[in-house]
Amino acid sequence: MSQPAIWDNSHDQPGHRAPLVLGDDSFGAITQRVATIVEKPKPPRWWTVTFSISLAFTVVLLAMLAYLFTVGVGVWGLNVPVAWGFDITNFVFWVGIGHAGTLISAILFLFRQKWRTSINRFAEGMTIFAVICAGIFPAIHTGRPWFDYWLFPYPNQMQMWPNFRSPLMWDVFAVSTYFTVSLMFWYVGMLPDLATLRDRAQTKLRQLVYGILALGWRGSARHWHRYERVYLLLAALATPLVLSVHSVVSFDFAVSQLPGWHATIFPPYFVAGAIFSGFAMVLTLLIPIRKAFHLEELVTTRHLDNMAKILLATGLMVGYAYGIEFFTAWYSGNHFEAFTFYNRALGPYSWAYWIMVFCNVVVPQMFWFKKARTTPWILLVGSLFVNVGMWFERFVIVVTSLSRDFLPGNWGIYKPTWVELLTLAGSFGLFLTLFLLFLRFLPMVAMAEVKSVVPQAGLERGPHRGHGQYWGEIPHQHEEILGGEGREQR
Amino acid sequence: MSNGELRVVSPPELWGLAAEFSTVDAFLAAVAACRKAGYVRFDAHAPIPVHGLDEAMDIRPSRLPKLVFLGGLAGCALGLLLQWWTNAVDYPFRISGKPLFALPPAIPVVFELTVLFSALTAVLGLLVANRQPELYHPLFELPAFARGSDDRFFVVVEAKDPRFDRHGTEEFLKSLGAESVFPVEVR
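Protein sequence lines correspond, in order, to chains B and V.
Under the working numbering, read the first sequence as residues 166 to 655, first letter to last.
Under the working numbering, read the second sequence as residues 2 to 188, first letter to last.
Hints are all accurate, no fakes.
Covered stretches of chain V, as calculated for chain B (at least 3 residues, CB under 8 angstroms): (1) 47-53; (2) 110-120; (3) 140-147.
Read the hints as simulated data drawn from the structure, not as lab findings.
Glycine included, every Cβ here is placed at the ideal spot set by N, Cα and C.
The following block holds chain V by itself, in its conformation from the complex (with noise of 0.2 angstroms):
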């Protein structure tokens, strides 16, 4: 706006820290820490699935899988259901004397329908369980953490966090071996 009108820009607000790491051992060693000092609004972000970060995190086995599991029982079912009711009750139709209704030949699409429908339900599960799409977020706003996606890790402490104290939990993310800690903003 350049009609000379004054416009009140909020300072920026601090959304939590961001603390670098370069090692893969430092950064779990410093996830396991984070969460015996108490904070439990931080996150751990990292371009490699790390080993033994969830029960560094301790975090709890997902349920996608009992979820799955009720897809593919749906997909099943319906598979089931479509055959016999399309070509034995609703249009029942003779051909080559086979049974209008049997087992067997009803295995592939049962088993295609089960398939089908357990994958769709994991990625779906999936998505919506991490809440994306989610194109933006207070991180993206680090330009550092660009290079979480590349090599290095960042252990994220969230101003939201009981424990969270600007400059007690920046010494602390300090004291873990963080190569820097950075301020993450949203305006």
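Same shape as in the complex, but just chain B (with noise of 0.2 angstroms):
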């Protein structure tokens, strides 16, 4: 079999595993090929430009809250009947974002999809930097974040307790208990990984830093029993978590009484478009940096095209829960609920309401054919109409329903100001900076766990042979003590 440059391995051939790792495949060569992107003394020049950008906008974002909090909520466009704008739509949008990394890194994880090792690292490190930024915008929405403490239920001077009956005091608790959870997630994943880098160090700074970090992880077998224990444990933790806070996430709409709101659809409806939303993000950033520090043989076509695959399911998911909100409205036989979806497709928003159906259930149906799943431009592209439509369909959903709702004397037009156009550019500014940091100094894919899914991780017992091909002579020397349950399965 002749091998080409770059391999394409996302043909599926019946009765053999495709390859998770081209090229050499040795795990020297792994820990070599994602190591040395940490370790250049001098991070590559796009890396410099794109990084200087990012922070001037992250500072954007910290001038515009010193804004809002001396000056107060009023230099926000919102207004009552629209009490909820851009603030709350960049909440649900980045909390979304976080939700592909844990899909990720725990529930693939527990399906065994082994394809997950390679991108595992670098979507969970998105989930937690996306977290981050969604975490400032129900902080800053009330314009007095001073009193943010309030929410946590501590014996106080005022001897008051919050209302737990509230859902925004569940929001509460989902999203920090998820920031925790896929915090140490992502930690301890990187443990092994983190001592790979202070063996490998070269300066006394990178080895105490590294060797701080790594807390004195040494490989020991009794360690890496009770390792893959909890990290099996915390990925089964997480896999009811990644589903929960999404579905607390839409409580906030969906406990309330207002038409457009009051769906019992919301929660598997925004778990649904987290996942589809984050995918796309873990595309968009996936496919330059791939390019970049030239990861093509590590992440894959096969890798690409399973996450389109994701993307047009969740996408069609997605658009499924489009076309249900509309039949509820009709079939409700509720005048408030068919005018709210009227008001959607036909009203004065109606043209956040198409860009939101164009981008997230037009767009995505090029997945079927597999030259867009397997051809990087036209997946970033499609990724980044995805990013679009799902923050719109935030936009649409919050927005909408608040500036009509039951009486027409009440109803509103929401616009927003600079501030909060300027608030949601820092925000990816946050978000950027925060990667490319990650990126520089931690190791974006996870090498001891791509290392155990190649061929060299148990070349003589074929059931723990891992993924792909070996085309050099297995030596069956420990066939007696191993069992050699391996030779018939090459």
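Two chains, each in its own frame: build the complex with the hints.
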């Protein structure tokens, strides 16, 4: 079998596991490819340029927050009836982005989807940074962040307790738990790789910093045993968590009495949308970075293909939810509910509604075609559309429902001010700043995990052998001790 | 100390022997052989989680899952008590005619605290059981061990093992197909 320079491993051949790592898949080569990215004394030029721009936008975010805190929420375009605008839209958008990371790291782990190993670290990092961006908005949306501690149940001089019957309180617990668990999952998963960076360190400083971060990991069998147990447990805990977080976020809407919000379909609809938007963001970030750091052999065409399929599937779920919302509105016979959806499609915000439908339902249909799933630039363009579309979905849900509710005398129109637009742009700046720092200083591919899915991870034991073909000789020396189960399963 | 005084330098003490392997299968076979030969104070170090290593080394299943279950129960109980006591007992306040305490609206917070406590127990339990952070270990003195987190596998027999014998153990490890056997010394 001849080997072209970069293989297309997206073909399925019955009876053969497709390779997950292309090119030189020896352990040393995998370490080398990932670790050298963070070991270069100077970052690549594109990194410096994008980092400077992102940092500038982070400063814009801080300036906008300072302006908001000193003047008050009047600097935003919020009004009565539209008391939630960009703030909550951005919150839901960013929390949703995070979900892909947890889905990849936890749910695909439980389903033994081994291709996840090349992208999970990266996606989990994205989760952490997206949740940080998300956390900003509920904290600032009252314009008085110095009272945020009132959200926490602690005995206080006011002799009051928070109201646990409110979904907004559930949100505090859901998002903070989600952040804590995601962070621990990410860090625990990174311990072996931090040890690799410590052991390869060329300077005292790197040795010290990575040494402390690695907590003295030395790959002991007993440590690995507990580590794998805990990793599995964390995956099992994070799986219901990822489904619950966006469900709880959707309760913020669904528990209210407002037409367009008060819907039982919201939790699954929000979760599907969150995974849809999250995968789009993973692709948007991964495609350029894979190219820039020459990681095409680790993050292969097959990975892109798989992610595009998930994008298509969740996109169809979201499209179905859009449709069923109209059906429910009609079938309920409720005048106000029906009007809300008529208003969404044909009212003052219909432009936002149709952008949403185009980006989230029409564009992903191209992923039925393999060409679109396996051509990086088409996938990148498609994922950008989905990002835009999913932001508009949240905007449509939040704003159209509020702007025209039961009484026409209460109707109003919301327009964002420049402050809100710059705050949104600034949140992207913060997200990218954190992300670029992660790329520069931490291993962006889980080296230890990738190594355990290549053929060398268990050559003489068929069932334990990783994915892909092995062209070298298999020694078959240790069969007596190892049980010799592997010979036939070449 | 450069003031002319003589300083007594104790000779390095042998802590154990580290055998280096380059393939997973040779490593795994060596681990099983060490156990069969009756060594008790030995450990295996790998850059990846090796399937079958637990059986080869006869590692007993960790008790962490049970601990995590208890942690989850504690979180669950705390969530229920917190919501019931604050909203129904200490600060009863009727809002939109809702009951002061009912199970359905309490579920989200109970669920989140269950998951949070389970996950914290899992991670803290892992660190305690692994005795980490442990920033110094005799093995870190061995320059060759740096590849233990890259592409090499090590079987380490401690000098404290009752069957340990400097030369006998070294020969034994070599006979298992070790690339090389290094003495691990502590100063």
